[in-house]
Amino acid sequence: MSGYRFERLRVLVVDDNPHMRKLVITILQAFGVVHIFEACDGDKAWSAVREANPDVVILDWMMAGLNGLEVAQLIRTSPQTPNPFVPVIMLTGYTTVDKVRAARDAGINEFLAKPVSVKAVMSRLAAVIEQPRPYVRTKSYFGPCRRRRGQDEYKGPERRVLAAEPSTVGAAAN
Amino acid sequence: MPPNILKAKVGSVAGGIDMGAIKRAEAAMETLKAEFNDWLADDIARLAMIRGGFANTPTKAMRSELFRAAHDLKGQADTYGYPMVARVASSLANLLDEANVNPVIPLALVDAHVAAIQVAFRDKVNVANDAVAAALAKELEARVIEELAG
Chain V
1 MSGYRFERLR VLVVDDNPHM RKLVITILQA FGVVHIFEAC DGDKAWSAVR
51 EANPDVVILD WMMAGLNGLE VAQLIRTSPQ TPNPFVPVIM LTGYTTVDKV
101 RAARDAGINE FLAKPVSVKA VMSRLAAVIE QPRPYVRTKS YFGPCRRRRG
151 QDEYKGPERR VLAAEPSTVG AAAN
Chain Z
1 MPPNILKAKV GSVAGGIDMG AIKRAEAAME TLKAEFNDWL ADDIARLAMI
51 RGGFANTPTK AMRSELFRAA HDLKGQADTY GYPMVARVAS SLANLLDEAN
101 VNPVIPLALV DAHVAAIQVA FRDKVNVAND AVAAALAKEL EARVIEELAG
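Residue numbers (the numbering used here), protein chains in the order written: chain V, 1 to 174; chain Z, 1 to 150.
By construction, these hints were calculated from the structure, which means they are not laboratory data. Possibly wrong hints are sitting among the right ones.
What follows is a list of derived Cβ distance ranges for each label pair [stated by the list, open to error]:
#, chain 1, residue 1, chain 2, residue 2, range
1, V, S47, Z, A45, 28 to 34 angstroms
2, Z, A142, V, D43, 45 to 51 angstroms
3, Z, A149, V, P79, 33 to 39 angstroms
4, V, A64, Z, G16, 32 to 38 angstroms
5, V, A113, Z, V119, 23 to 29 angstroms
In silico negatives: residues of chain Z with every beta carbon more than 12 angstroms from chain V [what the hints assert, rightly or not]:
#, residue
6, M49
7, G52
8, A70
9, Q118
10, V132
Subject to a maximum C-alpha distance of 20 angstroms in a straight line, what follows is the list of computed SDA-like cross-link-like pairs (lysine to any residue) [to be verified]:
#, chain 1, residue 1, chain 2, residue 2
11, Z, K23, Z, T79
12, V, K22, Z, R24
13, V, K119, Z, I17
14, Z, K33, V, H19
15, Z, K9, V, N53
16, V, K119, Z, T31
17, V, K119, Z, T79
18, V, K22, Z, K9
19, Z, K7, V, A126
20, Z, K23, V, T26
21, V, K22, Z, K7
22, Z, K23, V, R124
23, V, K22, Z, I145
24, Z, K23, V, I25
25, V, K22, Z, R68
26, V, K22, Z, K60
27, Z, K7, V, G32
28, Z, K23, V, V34
29, Z, K7, V, I36
30, Z, K60, V, G32
31, V, K22, Z, E35
32, V, K99, Z, E98
33, V, K44, V, G32
34, Z, K33, V, V116
35, Z, K23, V, N67
36, Z, K60, Z, N102
Yeah, the Cβ is synthetic: ideal placement off N, Cα and C, and Gly gets one too.
Model the full assembly from the supplied sequences, consistent with the hints where possible.
What follows is the structure, encoded as structure tokens:
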């Protein structure tokens, strides 16, 4: 096979800036994505998730109303979510470690830092297609395993099992 | 491992890099570049308009709106080919970030940033090869750090 069959993919693009939405959508269309949905704020994004049931969500962080982290948490934990496993790629100008950690704790699969480039978008899509992380459920978290790839290198005891809260690993991918 | 539904749907590519798709998207970006100047002009005009609202009504909500406008510019100006605008917008976003507990944002420092952004856009300033621009960006960043330090 010569390339991904992107025409089969349903992608939701969420950004309050219309120019950034157009930029990302242009890249996706050139990749061959046909089924593209867009939302200009967090509230509309949450509606779009429930109505369109996308395969991938590209989500801005900083928006009025529901922000990207809150939308991601709804996708993962709301009883109304159509698919709690849907891969979420967070698109943001934040690049500091504490922000990346906060995104990870909200259940984000991949982090796409602005400025946006074609290769970066492809790389994040390829990551959720080719190397999906197992999902973890604890009392306080549901989402992709927050240990980065290469987790086989960790040889210590299973810390989640040792913790007071019960956990389940590897429920499903995307 | 659990089943990989996306891979089953769209297939797999060696190394995860679909070069054909990348080439098509880069060509599309080249075409889109003709619009970048207008987009950035819009975003800078919006920043200046929100700055006016913040000057009249320096509430938490207006500060938050101004922060989002600066944060947008920080993320996007580089994509549009204006790294100096991105750098100064980043400094302005640092000043306005809610994580900073300072209750009063000095309007003069906000204005210095907005003016620098407008000039950098108007004159297509490239901070990499313009010593004056680099010095200005450094000075604005230092003033913000000084302000945040109290």
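| message | Given the hinted pair K22 (chain V) and K7 (chain Z), is their Cα-Cα distance within 20 angstroms? | response | This hinted pair is violated, its Cα atoms lying about 26 angstroms apart.
| query | Does the Cβ distance between A142 (chain Z) and D43 (chain V) fall inside 45 to 51 angstroms? | reply | At roughly 39 angstroms between Cβ atoms, D43 (chain V) and A142 (chain Z) fall outside 45 to 51 angstroms, so the hint is violated.
| A64 (chain V) versus G16 (chain Z) beta-carbon gap, inside 32 to 38 angstroms or not | Holds - the Cβ-Cβ distance for A64 (chain V) and G16 (chain Z), about 35 angstroms, lies within 32 to 38 angstroms.
| field | Assertion that Q118 (chain Z) lies farther than 12 angstroms from chain V (Cβ) | value | 18 angstroms, holds
| Are K22 (chain V) and K9 (chain Z) close enough, with their CA atoms no more than 20 angstroms apart? | Distance ~25 angstroms between K22 (chain V) and K9 (chain Z) Cα, so the pair is violated.
| said: Between the alpha carbons of K7 (chain Z) and I36 (chain V), is the straight-line distance 20 angstroms or under? | reply: 18 angstroms, holds
| field | P79 (chain V) and A149 (chain Z) - C-beta distance against the hinted 33 to 39 angstroms | value | 46 angstroms, violated
| query | Taken at face value, is the distance from the CA of N67 (chain V) to the CA of K23 (chain Z) at most 20 angstroms? | reply | Not satisfied, since the Cα-Cα distance of roughly 33 angstroms exceeds 20 angstroms.
| request: For the pair supplied as a hint, K119 (chain V) and I17 (chain Z), confirm whether the alpha-carbon distance does not exceed 20 angstroms. | output: Within the cut-off at roughly 8 angstroms; holds.
| query | Holds or violated: K22 (chain V) with K60 (chain Z), Cα cutoff 20 angstroms? | reply | 30 angstroms, violated
| task | Quickly compare the C-alpha distance for K60 (chain Z) and G32 (chain V) to 20 angstroms and report which way the hint goes. | result | 43 angstroms, violated
| Cβ-Cβ distance between S47 (chain V) and A45 (chain Z): within 28 to 34 angstroms? | Since the Cβ atoms of S47 (chain V) and A45 (chain Z) sit about 30 angstroms apart, the hinted range of 28 to 34 angstroms holds.
Against the hints set out earlier in the document, violations occur for numbers 2, 3, 8, 18, 21, 23, 26, 30, 33 and 35.
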